[in-house]
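Residue strings, one per chain:
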Amino acid sequence: METRSMTLNMGPQHPATHGVLRIQLELEGETVLKAYPIIGYLHTGIEKTAESKHYRKVIPLTDRMDYLAPMSNNLGYCLAMEKLLEIEVPEKAQWARVCLTELTRINSHLVWVGTHALDIGAMSMMLYGFREREKILGIYELVSGQRMMSTYFRIGGLAEDIPPDFDTRVREILDLFPSRYDEYEDLLTNNPIWRNRTIGVAKISPEDALSSGLTGPLLRACGFKHDLRKANPYSSYDKFDFDIPTNDGCDVYARYLVRLEEMRQSLRIIRQALDGMPEGPFVADAPGIVLPPKERVLSEMEALIFHFKIITEGFCPPEGEVYQGIESPKGEIGFYIVSDGSPYPYRMRVRPPSFVHVGALDKMCRGGLLADVIAAIGSIDIVLGEVDR
Amino acid sequence: MIESLERTEARLGDKFGGGILEVSHFRDELTFLIAKESLIDILIFLKEDAELKYIFLTDLTATDWPDREERHEVVYLLYSFESHSYVRIKVRAKEGVKVPTASGIWDVAGWFEREVYDLFGVEFEGHPDMTRILTADGFEGHPLRKDFPLTYEKPQFSHSVDEPPEVVK
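Heads up: the protein sequence lines correspond to chains E and H, in order. Numbered according to this note's numbering, the first sequence spans residues 1 to 389. Numbered according to this note's numbering, the second sequence spans residues 1 to 169.
It should be emphasised that the hints constitute simulated quantities derived from the structure, not laboratory data. Just so you know, not all the hints are guaranteed correct.
Derived list of chain H stretches under chain E, where covered just means 3 residues or more per stretch with a C-beta under 8 Å from a C-beta of chain E [said to hold, decoys possible]:
(1) 20 to 29
(2) 44 to 58
(3) 83 to 92
(4) 98 to 108
(5) 134 to 148
Pairs of lysine-lysine residues, derived as DSS-like cross-links and limited to a Cα-Cα distance of at most 25 Å, are as follows [stated by the list, open to error]:
(6) LYS47(H) with LYS230(E)
(7) LYS53(H) with LYS230(E)
(8) LYS53(E) with LYS294(E)
(9) LYS48(E) with LYS146(H)
(10) LYS47(H) with LYS225(E)
(11) LYS363(E) with LYS47(H)
(12) LYS146(H) with LYS53(E)
(13) LYS48(E) with LYS154(H)
(14) LYS53(H) with LYS225(E)
(15) LYS239(E) with LYS225(E)
(16) LYS48(E) with LYS90(H)
(17) LYS146(H) with LYS57(E)
(18) LYS48(E) with LYS94(H)
(19) LYS90(H) with LYS83(E)
(20) LYS57(E) with LYS154(H)
(21) LYS57(E) with LYS294(E)
(22) LYS48(E) with LYS98(H)
(23) LYS154(H) with LYS53(E)
For each residue, glycine too, the CB sits at the ideal point set by N, CA and C.
With the hints as extra help, turn the sequences into a complete structure.
As structure tokens, this is what we get:
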């Protein structure tokens, strides 16, 4: 009898692809022979747009790539610019940034665990994940006035000082979340259905993981103890005490365990950041680059001139190129900025973790079952806005 | 960090003195501009050398310099888990000249190279699947080239099918 493989088109409008991802699957029965991701449905040309904007006006664009981790994207871009401009960021701003990016990590992982579990069939998990996320969005709103596209970080520090009740509001989260994480573990970690759907599924060997450029939780779930926060510390991360969770499972379950532990470690970092929050300015003293405070603009001629010049002309960094990678919730997000000495970036390249991870999908799905493709997509935690930019 | 970069520079200079056209240091970052012919050898050396171990390809992208004779500049960023340092390798190519593919060294390179091909129009020799990746089917041109104009559609206030939106350059 003649047997043929079948080509199945999954997406782009498929609820389990987390956006507009399309995958061409070659199937033999229910076994996947090949998975070919087709991306670009959300391509908005962010890198091209950035070339026509002043350096400080690029920050809001970075939020819009990965709407689950706006603060991490802001931080990566601001750090790259601070490297290029040689600006020293005040300690208070650095610690507040650490605090907020770790909240962002929890935010991103909460949505991940919720939607991923929903894809596999655990509906209630999604409701819990979004319930906790609401608290973090409340913090975003508190500091920036926005719940999702916060754009709170600036080149040189923060947009505004952290509000007085920031400390108490974040501490509420610190007290509440550990027990909530326990709830998730009760629901999933030892749940036989969850274990059957995840253990041994979408495996990728450590060698393949390196060759495919995996970073972040995916790499750590292959047993590599690599985290840019420890390896190349930025923004004072070397002053915080935390562990890097790893797992040798290389499968969906290992990625789940790594991310869950990361959420606990993030709480540890946030607690240290709150306890030791230094006093002082929230933005660097860099005339011509950082906007002067509003009250000075309204009362001093010099501040008014600086304000006017920054808004209308921008500023000109020295010629050169820098790369800054940070550990975003999804992996290494890097900003490569080429300056030609004009107020516009000559080239602003984003090294997006999700884009790279989609490329490894084929390796994870080959030889597995069709239903496991869903688990694989969920486990790599992609945001299509960042894949396509 | 700086020490490991000095070591990289010395070792690479010893081994491939002729293939290196330019070395630059900027903000503690090390960049080599190398000849296209020795690209693959250098990448393999950096990856497999027991001392350097730049085994991870973090990024592969390009920049466009239309005023230069060789307008394409392909940029490779390598990372070492041992010394926790990055090294940047650049090659230049004229329009229409192919750059050798690195997809045989890292799988992810093939994925990045498709993006560079799509957005810059640089072709990679020996790439197994040199197709567009981000832009739509039937798209013409390469958007990240400097001579590709930024355009937008004028907002339309009628719903007439016969009047398509006007594209402004």
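Evaluated hints:
1. 20 to 29: holds (count 3)
2. 44 to 58: holds (count 4)
3. 83 to 92: Since 3 is at least three, the answer is holds.
4. 98 to 108: holds (count 3)
5. 134 to 148: holds (count 6)
6. LYS47(H) with LYS230(E): The hint holds at about 22 Å.
7. LYS53(H) with LYS230(E): The given pair, whose Cα atoms are some 19 Å apart, holds under the 25 Å limit.
8. LYS53(E) with LYS294(E): Holds. LYS53(E) to LYS294(E) sits at ~23 Å (cutoff 25 Å).
9. LYS48(E) with LYS146(H): Distance ~9 Å between LYS48(E) and LYS146(H) Cα, so the pair holds.
10. LYS47(H) with LYS225(E): holds (19 Å)
11. LYS363(E) with LYS47(H): Within the cut-off at roughly 22 Å; holds.
12. LYS146(H) with LYS53(E): holds (14 Å)
13. LYS48(E) with LYS154(H): holds (19 Å)
14. LYS53(H) with LYS225(E): This hinted pair holds, its Cα atoms lying about 16 Å apart.
15. LYS239(E) with LYS225(E): holds (19 Å)
16. LYS48(E) with LYS90(H): Measuring from Cα to Cα gives roughly 21 Å; hence the hint holds.
17. LYS146(H) with LYS57(E): holds (20 Å)
18. LYS48(E) with LYS94(H): The given pair, whose Cα atoms are some 22 Å apart, holds under the 25 Å limit.
19. LYS90(H) with LYS83(E): The given pair, whose Cα atoms are some 21 Å apart, holds under the 25 Å limit.
20. LYS57(E) with LYS154(H): Holds, because 22 Å separates the two Cα atoms, which is no more than 25 Å.
21. LYS57(E) with LYS294(E): Satisfied, since the Cα-Cα distance of roughly 19 Å is no more than 25 Å.
22. LYS48(E) with LYS98(H): holds (24 Å)
23. LYS154(H) with LYS53(E): holds (20 Å)
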